[in-house]
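Asks: Here are the chains, one letter per residue:
Protein chains: 2
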Amino acid sequence: MMYFFGGDETEGDAGMRDLLGGKGANLAEMAKLGLPVPPGFTITTEVCRYFVKNGKLPDGFEEEFRKYLRKLEEVTGKKFGDPKNPLLVSVRSGAKFSMPGMMDTILNIGLNDEIVKGLAELTGNERFAYDAYRRLIQMFGNVVMGIDKNEFEKHLEEMKKKRGVAFDSELTAEDLKELVEIYKRVYKEHTGEDFPQDPEEQLRRAVIAVFKSWNNPRAITYRRLNKIPDDLGTAANVQTMVFGNLGEDSGTGVGFTRNPATGEKELYGEYLTNAQGEDVVAGIRTPMPISKLKEENPKLYEELRKVAELLERHYRDVQDFEFTVERGKLYILQTRDAKRTPLAAVKIAVDMANEGLISKEEAILRIDPENVVKLLQPVIDPSAKVDPIARGLPASPGAVSGRVVFSADEAVEKSKEGPVILVRPETSPDDIHGMHASVGILTSRGGMTSHAAVVARGMGRPCVVGCEELQIDEERREIRVKDIVIKEGEWITIDGYTGNVMVGKVPTIEPQIKGELETLLRWADEFRRLGVRANADTPEDARRAREFGAEGIGLCRTEHMFFHPSRIPSVLKMIMAETPEERREALAEIYEYQRNDFYEIFREMEGLPVTIRTLDMPLHEFLPKREELRVEIERMRARGEDEEKIKEKERLLRRVEELYEFNPMLGHRGCRLGITYPEITEMQARAIIEAACMLKKEGKTVIPEIMIPLVSHVNELKDQKEIVKRVAEEVMKEHGVEIEYSVGVMVEVPRAAVTADRIAKEAEFFSFGTNDLTQMSFGFSRDDYGKFIEVYKEKKILPEDPFTTLDQEGVGELMRIAVERGKSSNPNLKTGICGEHGGDPRSIEFCHRIGLDYVSSSPYRIPVARLAAAQAALKKLEGTVRKDV
Amino acid sequence: MMYFFGGDETEGDAGMRDLLGGKGANLAEMAKLGLPVPPGFTITTEVCRYFVKNGKLPDGFEEEFRKYLRKLEEVTGKKFGDPKNPLLVSVRSGAKFSMPGMMDTILNIGLNDEIVKGLAELTGNERFAYDAYRRLIQMFGNVVMGIDKNEFEKHLEEMKKKRGVAFDSELTAEDLKELVEIYKRVYKEHTGEDFPQDPEEQLRRAVIAVFKSWNNPRAITYRRLNKIPDDLGTAANVQTMVFGNLGEDSGTGVGFTRNPATGEKELYGEYLTNAQGEDVVAGIRTPMPISKLKEENPKLYEELRKVAELLERHYRDVQDFEFTVERGKLYILQTRDAKRTPLAAVKIAVDMANEGLISKEEAILRIDPENVVKLLQPVIDPSAKVDPIARGLPASPGAVSGRVVFSADEAVEKSKEGPVILVRPETSPDDIHGMHASVGILTSRGGMTSHAAVVARGMGRPCVVGCEELQIDEERREIRVKDIVIKEGEWITIDGYTGNVMVGKVPTIEPQIKGELETLLRWADEFRRLGVRANADTPEDARRAREFGAEGIGLCRTEHMFFHPSRIPSVLKMIMAETPEERREALAEIYEYQRNDFYEIFREMEGLPVTIRTLDMPLHEFLPKREELRVEIERMRARGEDEEKIKEKERLLRRVEELYEFNPMLGHRGCRLGITYPEITEMQARAIIEAACMLKKEGKTVIPEIMIPLVSHVNELKDQKEIVKRVAEEVMKEHGVEIEYSVGVMVEVPRAAVTADRIAKEAEFFSFGTNDLTQMSFGFSRDDYGKFIEVYKEKKILPEDPFTTLDQEGVGELMRIAVERGKSSNPNLKTGICGEHGGDPRSIEFCHRIGLDYVSSSPYRIPVARLAAAQAALKKLEGTVRKDV
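From first to last, the protein sequence lines are chains A and B. Residues 1 to 885, numbered by our numbering, are exactly what the first sequence covers, in order. Residues 1001 to 1885, numbered by our numbering, are exactly what the second sequence covers, in order.
Any given hint could turn out to be false.
A short, non-exhaustive set of chain B residues, derived as facing chain A with CB atoms under 10 Å [stated by the list, open to error]:
1. 1476
2. 1630
3. 1755
No wet-lab data here; the hints were simulated from the structure. Glycine included, each C-beta is placed from N, C-alpha and C at the ideal position.
So here's chain A without its partners, still in its complex pose (with noise of 0.2 Å):
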């Protein structure tokens, strides 16, 4: 029912946080250690939860009351109740699970009118004395017998005008005493009652209010929204108090093991002289660094240090712990986890492991691999004054600052002069050039996943989208957002991790890849299973790609490289074509730059295998948009212009026409085109296999593979793969070489997954496109579910959005069959995804988990995907978790 920690008198442990709570548990662990903690006693979480069924205190709770108040008398050497030598003591609650401020403590318990006298005499500190009297009337007033917190502070503010003072410290013992008269009538009001003089009294009200506090409104409405369990019950810790404030021999501070800065191996911390943690908070003075009591208390620098060095030992990481002196003796009040920048968090977790006091595993598992992302990009430097005007979502990370530009063909030619941001109401593919020659892009539409944010992640170009405060004004070429007006050419800077919009340059400091990260990673390479490839569609993405780690391309898409401009024309001659004849004609034109786009790939892959996906791109998608031509076909005539020239707009909208499509998300894109023309997919499994000759004739290994997107019946993959195995032959007789090349499909649709075994069958391996998986198997198009996404967030429909985190329980399910199925028939099948998800943490482990064989992510994820991939392969082995950091 009770147990009592100090010293060697401790009776629990940190492992028994069901009974005792978080706090009283990690109070007994530090008492066992042999920190000093002040002494004191926990109820167990039982007596909350027989007080919370029965409204009452299980029989026996008084005998075990006493006893353990008399041992901590003994303990302590002080007297609950006695004048002269009196003990003090606060309540505490501390449940399981760590509930920050959502219930309640009560301090000084054991001060009555006499008591107080005692105390002023014992600490020779009178003003001390009534300040903790006032205080226990007024924590007791409110949690006990809950009158509002106001009706004492009024009083308090009063007598500091009355005094023409500003700060409670300022006021007399006098004052105090008189406040203390008035606390006690307040009180006496509210109540109709006392304030009560009987100390035991006192704190069996207080333990009750405690367990009371469980089912307040607010701790209710917590344990709801983080899922914690109703009926564990809280407990009530009974402590000693200590004095920090009880002269130039006293003081408080908070103590890091480690710098949670920097990560260096230092005693890290602040301390403050006669003083409580509550005046370190209101900052009245500044506290010292704790280095300086080297040299002005070099004992209690030293005992700091031993109980650093303790701590760490015991609890395997960096602590964070709260210390007060009372005349000179240290008592540690707390320790936990310390947070700490995601630098300090890699350099801690491997110099940890290099000492011996962790293994490597364990550093890898203490790194949230999300951080790693934030090792890699320009940030805010932290030192700037930041001024946001708009905040949007954050895409794409990194901070950049360039001037304005408003279309893509502007950042082109503007971009020469110096940095730009393109911002647009949103992106779209003809966008793409601007959006490369821009350091970023800001949007006023669209969600995580607009074309503006996956392209940007996958160019690692910072991008802040949906950024809805601001109105685009593309005629006027301005930015408005409420009363500010940013002119194109002007400067602005975007922060992709948090989303924020500035204008003017903001400084930021540039990334880094090197020293304790480096090992890390390389840690993670031994553990891993899964294989880390990169999505990418240039050589510069693939050379960034292999420096980042990547052991392949999983994910080279084509159809960027039909946008270059000087491509453009030839694209159009291949769209507008009527016979297969002027299609090839046109093909022909784009094909040697197509060659050169995969000879150069293959350069910088040699060695890897590089997954090349054949066109996946809605036609229309080049021509403009069919509104755009009929209002400006409108305007022609408004004008009276050339009748031929309109006739000419007219065929083109014509086309535009015929080409446009409902919902071109499930229209002629993906596998259907290569079906339908077959000529673009004869040339491009040309073009690809024609650069991998080239290069084995200049010694060089290439391993390509030819993925089919956007398949949902076997026959299709059957269909394309004769063509490129027929090419391939082909091409490979011409060059008398012979090249290892492999054919399989991009699993994007529900129907593949459903029938993997047959499409397996046919198919060399898998590549789960999970942007589109996800798109079809929620049936969200992810151009458009912005429209009601909030709302299913804010209704809790869905646990997080599914573009950004796996959805494990629906199109992972469909991932898991698909493999099974696929695998069932193809045992040597090869699988791997992707999708955007290819670079999340959670998404990795669960990929790990079905069995896949390796991820691909942009570029600039890579080191946040090897060590995700090692994560998830050590949790598997060895069941631990990783520590919040």
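For chain A, the structure is supplied; the task is to place chain B on it using the hints.
Replies: Relative to the frame of chain A, chain B by itself:
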């Protein structure tokens, strides 16, 4: 190796198709029955297989061949090669599966320069003898030696020209003698050898030619297309020739054991005196009805009657048999199950069951359910002259005539004066009222599952879609096709069975459900396990469905109710609403309409379940199209219209843009509407339950089933169910009555299928929306798949259109998974299908197999579904297969 047929000597039977081929087996069967089959023998498929493999005939062939030839001589009393009493034979191929016209036949084998003279003498018909010889040389030359038929035919033509006659039959014996000489010369010129005079050599070489024809290119292609294995081989049938052209006591004819047009039980057919089969085809003389033989040749008539009776009793189905009378002796050459009209098929099946000839189960299994629809829709009068000007896709059955209108409003207006046909490039939900007002719908765009097609089928309106030859000029209000112009108000006729479009009124015949069809459907109801419900949105549909035998409504769509012209203003108000309160106000205006709709439908379906789907409609469908608005605004500007009016339009445009979706199919629809605008679901739940309460108070039983559409995650269902339950409780309390209602989901999103176990815990029923499930499983937009589906069909990538017949392998697999997982967590789960496939017989069979409880189809397909459901149950029970009818 060989099997004799003819009289008592017959060795084979119908069960030996593998060995004897279909033809050989059937000849043996008829001979065993005692029918006067011209005797002969069958050389088995084994011999063919041996020959194909080894390029020679097997050992022992020669001996057996001679043995069987001798036996044939014995049985016929004629002698092969004997000019005095010559035996002539034919050699015909005959594989296990019928391959009509794919392989070869040679007639009149056994003639040579000598024997022809004997034959002339014996028959007293020199012309006949030389004609037979001429044919032999041509057929042998062509089939055995590969000489182009034309090489012979051209001489025949020349001869006729020279003689100045039009028909072969007008040539004299002398002419034919001359032709025989010419043919022999042609033969020698092409082969370098003389036409073989040895009858046995002729026969042997003919047999080998038949075996070789198994691998001619035509046959190979046919087998590939019809999935017939290549290694079966063909049998060769050597059969005594009989001749119907040996004078007035000879003749040839075709008989049916019952009337194949009406199903009447009567000997039916045609007879031509002194003629061979091919003369009937040549159409020189008109054959007489067999019934006339009753007077003209009572003996023959009686013989035929007996044959017919025997055949029908033996084959247990109506037979279509060929016969020849040679000099007064009747020979039966062939029999097979007769083709018949749908009307006849039903009557025959029911009559035969009533006669005890077949069982009820067989009667049910014999009818193609698709044919039932044909009995229930007006058809073009077969006697009418039909001259189609264009042909589209037959989207909804029935033939109708009406005046052309070009808009929905016009349709409503003009339909008051008489029937109209709505002609549109494509239809949209805005056109519903006009489609309702029209007797038929014709579009120039869209496929079998376009909006027009689906809605028309649902309404039972004949419909032709995708008639691309039509140029619909809405401005000039005319249709142009080739050089024909059809103006507004002119009559046209469309035929939803064939897709034909005709100018003017073409007479039609009205449908009927009675007599044998009624009986058959009643029988079907005894055997089926699947329930049959209707998709019905209006009281009229509900009534019709009930008349056709529906046992409930499986899908009542509520969005059509919103499109009623009188409700549009309120609906617009709802859409433009900016707060829930405004929206609630607008909904209150619609409320009463909705409640009355439900009241009427419930009343029609008293005692039967009615599944009502909550709103599933993208709101923007009610608004004008974005581009129309933009063009309109441009025009208003050009005309210098009032700035205020333009601004108002622009406001509307803004709302339209807010609601604009890139992929509306995957957008803000289904339960996503009810979740983001809970007041819509509230209103609908209230309307449903209140209507039910009203009827309950009138003493009527109502069984509402509320269906939540487009559920992908169980939480969506939970959210909507909570609203429905809350509102239902309220309403029932207000009315003081209890309604038994249930809440379930429409399973139409792949994710719902794979997470069915989770969803079924909250759902009382699943109804598969296979239209959308097909769209999302394949990633095919049914509005857009026309762009590639034709190529897919051509290239055989898909075996059939998955929107017409359920894709069992993929979409069906998702359904199977959903049923399995759903029932695993909720054994009481009720399951059904309400997509278009619910009316497709093959899909219904699949639904039976995976254990659904019911199918739901459009009212007009209810009889189809009843029959198909019975067949599914019977096939499962008995493993019997429906005969082709």
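Asks: Each hint: holds or not?
Replies: Okay, the hints, checked on the actual structure:
{"no.": "1", "hint": "1476", "result": "17 Å, violated"}
{"no.": "2", "hint": "1630", "result": "5 Å, holds"}
{"no.": "3", "hint": "1755", "result": "5 Å, holds"}
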